[in-house]
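Each chain, letter by letter, is given below.
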Amino acid sequence: AQKITQTQPGMFVQEKEAVTLDCTYDTSDPSYGLFWYKQPSSGEMIFLIYQGSYDQQNATEGRYSLNFQKARKSANLVISASQLGDSAMYFCAMRTGNEKLTFGTGTRLTIIP
Amino acid sequence: NAGVTQTPKFQVLKTGQSMTLQCAQDMNHNSMYWYRQDPGMGLRLIYYSASEGTTDKGEVPNGYNVSRLNKREFSLRLESAAPSQTSVYFCASSLAGPPYNEQFFGPGTRLTVL
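Order-wise, the sequence lines are chains G and Y. Residue numbers for the first sequence follow the numbering used here, so the first one is -13 and each next one is one higher. Residue numbers for the second sequence follow the numbering used here, so the first one is 3 and each next one is one higher.
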């Protein structure tokens, strides 16, 4: 079975600071993909970043980077220089060889001006 | 390209009524998914379809049925709605992996069962 765990239900961060959102995963499949999505209050799911299990480098997309530690089965999202518009729910997700896609319970991030 | 479309956007049902949520994608994706999201919670997988003609149960399949009508369309049916099925329903699609490319989500259907 595959599982995603996000242990931070909510976080408050000062504007312009960096923030790390935690995600650990569990799967016995050697091939998998890890994703982060942002869900603002409007409700849509916005794709942020992807990391493949065989990728050698940590993924980066603008202010987002994924700190992938395969041995520890963690895939933390790092947002540099946070902005007010970053306030949202953030979900970590994993996809494996059977195409099943599993989400964590999410972290609500609030950026304080 | 419309991406992933879902109909309806909102629906109110009475307990025991049935309805079908429609989902279509125009990106030639193999895999399609149905999720429900309850207030303050993550997305829970109801059913998914790795390719046309196949469907598999997710975490919370009870009370739902699905049909992968063709490569484009994946519908979710509630045969006898219950208040516990009040939720926001998301459809998603993606190319088959690896690599496991991003999933594209529809705008969601907000369902209330009275």
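Derived from the structure by calculation, the hints contain no laboratory data. Incorrect hints may have been included.
[Stated by the list, open to error] If you want the ones that stay clear, here's a sample from chain Y, every Cβ over 10 Å from chain G, calculated:
1) Q19
2) N32
3) M43
4) E54
5) G55
6) P63
7) Y66
8) R74
9) S86
10) S96
11) G110
12) T114
[To be verified] Cut-off 27 Å, straight-line C-alpha distance, at most; resulting in silico cross-link-like pairs (DSS-like, lysine-lysine):
13) G:K(-11) to G:K56
14) Y:K59 to Y:K11
15) Y:K16 to Y:K59
16) Y:K59 to G:K(-11)
17) Y:K59 to G:K59
18) G:K59 to G:K(-11)
Beta carbons: idealized from backbone N, C-alpha and C, even for Gly.
Status of the hints after comparison with the structure:
Under the 10 Å C-beta cut-off, the non-interface status given to Y:Q19 relative to chain G holds; the minimum distance is some 24 Å. The Cβ of Y:N32 does not lie farther than 10 Å from every Cβ of chain G; its closest approach is about 8 Å, which violates its non-interface assignment. At roughly 6 Å from the closest C-beta of chain G, the C-beta of Y:M43 falls inside 10 Å, breaking its exclusion from the interface. Non-interface call for Y:E54 relative to chain G: holds, since the shortest CB-CB distance, roughly 13 Å, exceeds 10 Å.
No beta-carbon of chain G comes within 10 Å of the beta-carbon of Y:G55; the shortest separation is about 14 Å. Annotated as non-interface, Y:P63 keeps its C-beta farther than 10 Å from every C-beta of chain G; the closest such distance is 12 Å. For Y:Y66, the shortest C-beta to C-beta distance to chain G comes to about 16 Å, beyond the 10 Å cut-off, and the non-interface label holds. Here Y:R74 stays apart from chain G, with its beta-carbon at least about 17 Å from theirs, past the 10 Å limit.
Its beta-carbon lying about 18 Å from the closest one in chain G, Y:S86 satisfies the requirement of being farther than 10 Å from that chain. Once the 10 Å rule is applied to beta carbons, Y:S96 is inconsistent with being away from chain G; the minimum gap is 8 Å. At the 10 Å boundary, the C-beta of Y:G110 falls inside the reach of chain G, the nearest C-beta of that chain being 6 Å off. With 10 Å as the threshold on Cβ separation, the claim that Y:T114 sits away from chain G holds: the shortest Cβ distance comes to roughly 15 Å.
For the hint pairing G:K(-11) with G:K56, the CA-to-CA distance comes to about 15 Å; that is within 27 Å, so the pair holds. Of the pairs offered as hints, the one joining Y:K59 and Y:K11 holds, with about 24 Å between alpha carbons and a cut-off of 27 Å not exceeded. The hinted pair formed by Y:K16 and Y:K59 meets the criterion: a straight-line CA distance of about 25 Å does not exceed 27 Å. For the given pair, Y:K59 sits about 16 Å from G:K(-11) by alpha-carbon distance, which is consistent with the 27 Å threshold.
For the suggested pair Y:K59 and G:K59, the alpha carbons sit about 25 Å apart, so the restraint of at most 27 Å is met. Our distance criterion of 27 Å between C-alpha atoms is met by G:K59 and G:K(-11), whose separation comes to about 11 Å.
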